[in-house]
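Peer 1: Could you slot chain B onto chain A? The hints should help.
Chain order of the listed sequences is A and B. Start counting the first sequence at 1; every next residue gets the next number (my numbering). Start counting the second sequence at 1001; every next residue gets the next number (my numbering).
Fair warning: there could be bad hints in the mix.
Said to hold, decoys possible - Listed below are the simulated EDC-like cross-link pairs for lysine to aspartate or glutamate, each with C-alpha atoms no more than 20 Å apart in a straight line:
(1) Lys1042(B) with Glu10(A)
(2) Lys55(A) with Glu1103(B)
(3) Lys1078(B) with Asp1062(B)
(4) Lys70(A) with Asp31(A)
(5) Lys1042(B) with Asp26(A)
(6) Lys1078(B) with Glu1059(B)
(7) Lys1083(B) with Asp1063(B)
(8) Lys78(A) with Glu17(A)
(9) Lys1057(B) with Glu1103(B)
Said to hold, decoys possible - Every beta carbon over 12 Å from chain B, so not counted as near; a handful from chain A, in silico:
(10) Gln8
(11) Ser12
(12) Val19
(13) Thr20
(14) Thr24
(15) Asp26
(16) Asn62
(17) Asn67
(18) Asp81
(19) Ala87
In case anyone wonders, no lab produced these hints; they're calculated from the structure. Beta carbons: idealized from backbone N, C-alpha and C, even for Gly.
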Amino acid sequence: AQTVTQSQPEMSVQEAETVTLSCTYDTSESDYYLFWYKQPPSRQMILVIRQEAYKQQNATENRFSVNFQKAAKSFSLKISDSQLGDAAMYFCAYRSGSGAQKLVFGQGTRLTINP
Amino acid sequence: EPEVTQTPSHQVTQMGQEVILRCVPISNHLYFYWYRQILGQKVEFLVSFYNNEISEKSEIFDDQFSVERPDGSNFTLKIRSTKLEDSAMYFCASSEGGLTYNEQFFGPGTRLTVL
Chain A
1 AQTVTQSQPE MSVQEAETVT LSCTYDTSES DYYLFWYKQP PSRQMILVIR QEAYKQQNAT
61 ENRFSVNFQK AAKSFSLKIS DSQLGDAAMY FCAYRSGSGA QKLVFGQGTR LTINP
Chain B
1001 EPEVTQTPSH QVTQMGQEVI LRCVPISNHL YFYWYRQILG QKVEFLVSFY NNEISEKSEI
1061 FDDQFSVERP DGSNFTLKIR STKLEDSAMY FCASSEGGLT YNEQFFGPGT RLTVL
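Next up, chain A with everything else stripped away, as it sits in the complex (with noise of 0.2 Å):
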């Protein structure tokens, strides 16, 4: 069975710097997709990047990108110029390619901006 790991509970960040969230997983497959989602107070979970495995190149989305370590199995979100609004728990996710369905979770990391 796949497994995610997020060995970071708790990550804080000078507002406008550079953050890195840290992500590890196990899983036996090469298709796979892997994601990172955002869940603000208001709970509502949100895709924030994703990251097929098949790609060599790293993801981006204007002030989010991933180190994706396919051997090392590490999946890194880094964000840059750090926001107010960035404030959330960041939860690193997989999802088989083999046709399965389900998204596989770590545990979250709370980012905190302190202004």
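Peer 2: Just chain B now, with coordinates in the frame of chain A:
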């Protein structure tokens, strides 16, 4: 922008009672999901539903749980006889398709408290 909605936002029930959690997925989506998050723990997959039948379920989704799409818009999760350990946040999600790259859109969640 279309979004997934869930009602109620908070449900309090007595142990042994039946509860029905309701979700309205995004209108053109065909795949529907339920996840739960016990306080302080990971978000866990419960079940996925397509074409009026369960397509995938986890070991958590035992005989106490059932899902239904009673009409063209609602998607429900029923817990027949609630237990204390069913207290959690329950998230509904929907996606346009069932393929790995299809984004799952999440609702705001229903907090279930079992007394």
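Peer 1: Hint compliance check: list the failing hint numbers for this structure, sorted ascending.
Peer 2: none
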